[in-house]
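Chain order of the listed sequences is A and B. With numbering that gives the first Met the number 0, the residue at position 96 of the first sequence is 95, and numbering never jumps. With numbering that gives the first Met the number 0, the residue at position 83 of the second sequence is 82, and numbering never jumps.
Just so you know, the hints here were simulated from the structure itself, not pulled from any lab data. Using N, Cα and C, we set each Cβ at its ideal position, and we do this for glycine too. Mixed in with the good hints there might be a few duds.
As the list claims (entries may be wrong) - Each computed DSS-like pair below joins lysine-lysine, with the alpha-carbon atoms no more than 30 Å apart:
1) B/109 / B/235
2) B/145 / B/16
3) A/170 / B/210
4) B/208 / A/170
5) B/211 / A/168
6) B/273 / A/168
Stated by the list, open to error - Just a few of them, taken from the derived set where beta-carbon distance is under 8 Å, the chain A residues facing chain B:
7) 167
8) 168
9) 171
10) 174
11) 176
12) 181
13) 185
Said to hold, decoys possible - Far from chain A by the CB rule (all over 12 Å, computed), these chain B residues:
14) 29
15) 43
16) 138
17) 259
As a plain string of letters, each chain reads:
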Amino acid sequence: MSRNSNISSTQENYLRRMKHQQYRIKIIQILIFFVFLGLWETAVQLSWIDGFIFSSPSRIWKTFAGMWEDRSIFLHMGITVAETLISFALVVVLGISMAVLLWYNEELSRVLEPYLVVLNSLPKSALAPLLIVWLGANMKSIIVAGISVAVFGTILNLYTGFTELSPDKIKLIYTLRGSRRDVLTKVILPGTIPLQLSVMKVNIGLCLVGVVIGEFIGARQGLGYLIIYGSQVFKLDWVIMSIMLLCMIAMVLYGILNLIEKRCLRRR
Amino acid sequence: MKPLLELAHVSYAYHSKNGETIALTDISFQVKKGEFIAVVGPSGCGKSTLLSLISGLLLPESGSVLFPWATQQVEDDYVQECAAREHCDNRNVVQAGTGFRDKIGYMLQKDHLFEWRTIYKNVILGLEIQKKQNEESLAKVEKMLKDYGLYRFRDARPSELSGGMRQRAALIRTLALDPELLLLDEPFSALDFQTRLTVCDDVASILRKEKKTAILVTHDLSEAVSMADHIVVLTKRPATVRTILELDFEEKNLTPFERRNAPEFKMYFNQLWKEMDGNEQKQ
Ligand SMILES: Nc1ncnc2c1ncn2[C@@H]1O[C@H](COP(=O)(O)OP(=O)(O)O)[C@@H](O)[C@H]1O
Ligand SMILES: [Mg+2]
Chain A
0 MSRNSNISST
10 QENYLRRMKH
20 QQYRIKIIQI
30 LIFFVFLGLW
40 ETAVQLSWID
50 GFIFSSPSRI
60 WKTFAGMWED
70 RSIFLHMGIT
80 VAETLISFAL
90 VVVLGISMAV
100 LLWYNEELSR
110 VLEPYLVVLN
120 SLPKSALAPL
130 LIVWLGANMK
140 SIIVAGISVA
150 VFGTILNLYT
160 GFTELSPDKI
170 KLIYTLRGSR
180 RDVLTKVILP
190 GTIPLQLSVM
200 KVNIGLCLVG
210 VVIGEFIGAR
220 QGLGYLIIYG
230 SQVFKLDWVI
240 MSIMLLCMIA
250 MVLYGILNLI
260 EKRCLRRR
Chain B
0 MKPLLELAHV
10 SYAYHSKNGE
20 TIALTDISFQ
30 VKKGEFIAVV
40 GPSGCGKSTL
50 LSLISGLLLP
60 ESGSVLFPWA
70 TQQVEDDYVQ
80 ECAAREHCDN
90 RNVVQAGTGF
100 RDKIGYMLQK
110 DHLFEWRTIY
120 KNVILGLEIQ
130 KKQNEESLAK
140 VEKMLKDYGL
150 YRFRDARPSE
160 LSGGMRQRAA
170 LIRTLALDPE
180 LLLLDEPFSA
190 LDFQTRLTVC
200 DDVASILRKE
210 KKTAILVTHD
220 LSEAVSMADH
230 IVVLTKRPAT
240 VRTILELDFE
250 EKNLTPFERR
260 NAPEFKMYFN
270 QLWKEMDGNE
280 QKQ
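The following block holds chain B by itself, in its conformation from the complex:
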């Protein structure tokens, strides 16, 4: 099966009057459908930039961000359609890859819930923007609010909620649009340790249940090991891929919290630590 996402030699630099900040150089990796990828790297190395490139908010200066799986789907449909009809226009296929961007959900570092909206109005913001407020999508939002313990707070203002609840509200806002690929930018960094462990478990189980593909950016190594299938390790800025770590826990389907107690956890953590340490040495 073709990968869902493929980055090929992606580079990006920010330009300003005071000079150029090279954020990413020659980044290549693939993500398959249903995988959970963690991206780790020292802070300021370009992790958020990477997510913006994948979501299409930024365009790479060189290299390409591709969605081969979606393209394949469209090509298949195209062939079928061509068989049914006499004539087909080739342009549909060419544009297919980027059309997938509408199926990307992007969760930013902070929740950015709007204080001038209630929690309910906040979580349906995406639906409102994309004009997808219909019975089905609103029922789904309703259900998520109930499932994640926010239903009581639907008419509250964001400032009345705790950090964990706000993060969950932001997650619902993202999931309401039913994304295929989730980009999570240090979504737990604002939470205290205990809340973080529970929200981590919540998010992992939600994603597993909904069979989503996800890319999690973090600088917390234990978080990466506890959640991911693969870990992409970036070097210091200008970031490039240092190594890709495959995690293979004997027991599948562990929650992040259970993973932390699994025998392999320590080994992977140390391996990752060494890779990151090598980062420091190199400078």
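Here chain A stands alone, though its shape is the one from the complex:
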């Protein structure tokens, strides 16, 4: 920016204060994480809590290092991430195309609305066992489970966003002798890009939830499988390590989408 050269001293002060505050918040956040780990480790070492049930940072680290050695951790993480990304991609395609279809056909949207609302509020974990029976205990049903968590909300949110665009902007297209198709490609889709991006940002997390639910019931690989298997054989180190890895995966995926969103919005 070219304005930096003649910034007033009060503005400079203000900016410095803001920056300080930002740093402080970051430092406190990181501190909380390490204090938590430290307390946890100490509590186990001093036998305040049972390490067999509660695991501990050092045990988790050892488990992780062992699985790194025999490469099995890459398999489990890779499978879960791949399933999440595939179901996310399908949610994007399905969600946008269904929302467009509903927008094209208002009567259809009014017919389907109660069904979508019910399906959206239904706890999707209830569907997972059914999917396994219908589609088999394989990747397909896990991906479908991932889709089922995110897709209905996506359709509803996008469709609502489409219909909320100012009618005058649509009228403008008609005054320029455009068709309904032009309304879609020139107004509806480009005009709701911020909404599309924010919906997708939420979706990636939802897909991960669905995939893990699917893996609980019908998988031989993946972090969800590791959690269930670990709890059955009482290897709670596996369980808690997997949970922590899921936290990390969720954070990274969200961060990537956040970055894409920032990029897209800046370029506009």
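We have chain A already, so just place chain B with the ligands on it with the hints.
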């Protein structure tokens, strides 16, 4: 010469669950080629509806919107063609009137420039939609951008422009399609007074230079008197034509701003005021 546009007993009502809003009843008037018509009436009386009916975005519930001049042109061509050929199909002529709608430019109350497009991309939106982006039309857009002082801002976003500049960009977007008839729906209402006077002058000179026919909707009486050849005065809703005022300034070709200082201005303004006042009394 046949009029360019003829409204005959046009009525329109909006229907919704909560009831019927009768917007227009029995509207009739004509517009000749090259004329500048102003339509005034109290706000909410149905002026925007009238423009939508003329442009064909809405269809009248009764009455008709006709384009006799265009029909005549087509008929003339038709006769010539028939003379040249053995056989002609009559259907061409019947559809001719509405074909003129493609030559109508409609400027809405707000500029509605899209924030996700640059100014240049905004002004060629119409060309893009009608797939008329060719060397000639783009050169014309380029020239208009230069003439109206927007060339520097061609890559800017709409939010970086002032109200007056945005309005001019919207005008270029409309003119890029080279319309024969321009419908202007309170195009200056969002501007502050000073900008309004200059943009008014700009628009009037542009329209005069390009010999366009225009219908300007406004609730600002002085704006109507300063720009129009005729003023159609509408009553309160449900609107009907109260009177049509003919403006005859001794000196022709005055700019809107010059008209405001002409001796006849005050007289016409008062006359119009009385008509509108009569509106109020009647209720
Ligand atoms: N889409 C619509 N549905 C129902 N009523 C409408 C609609 N558009 C306008 N109206 C009503 O029709 C009347 C005329 O509207 P309009 O033509 O916009 O008036 P004006 O442009 O003169 O202010 C108003 O009373 C308005 O409330
Ligand atoms: Mg209006």
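How the hints compare with the structure:
| no. | hint | result |
| --- | --- | --- |
| 1 | B/109 / B/235 | 23 Å, holds |
| 2 | B/145 / B/16 | 49 Å, violated |
| 3 | A/170 / B/210 | 26 Å, holds |
| 4 | B/208 / A/170 | 28 Å, holds |
| 5 | B/211 / A/168 | 25 Å, holds |
| 6 | B/273 / A/168 | 37 Å, violated |
| 7 | 167 | 6 Å, holds |
| 8 | 168 | 5 Å, holds |
| 9 | 171 | 5 Å, holds |
| 10 | 174 | 4 Å, holds |
| 11 | 176 | 6 Å, holds |
| 12 | 181 | 5 Å, holds |
| 13 | 185 | 7 Å, holds |
| 14 | 29 | 23 Å, holds |
| 15 | 43 | 16 Å, holds |
| 16 | 138 | 20 Å, holds |
| 17 | 259 | 30 Å, holds |
Of the numbered hints stated above, those contradicted by the structure are hints 2 and 6, listed in ascending order.
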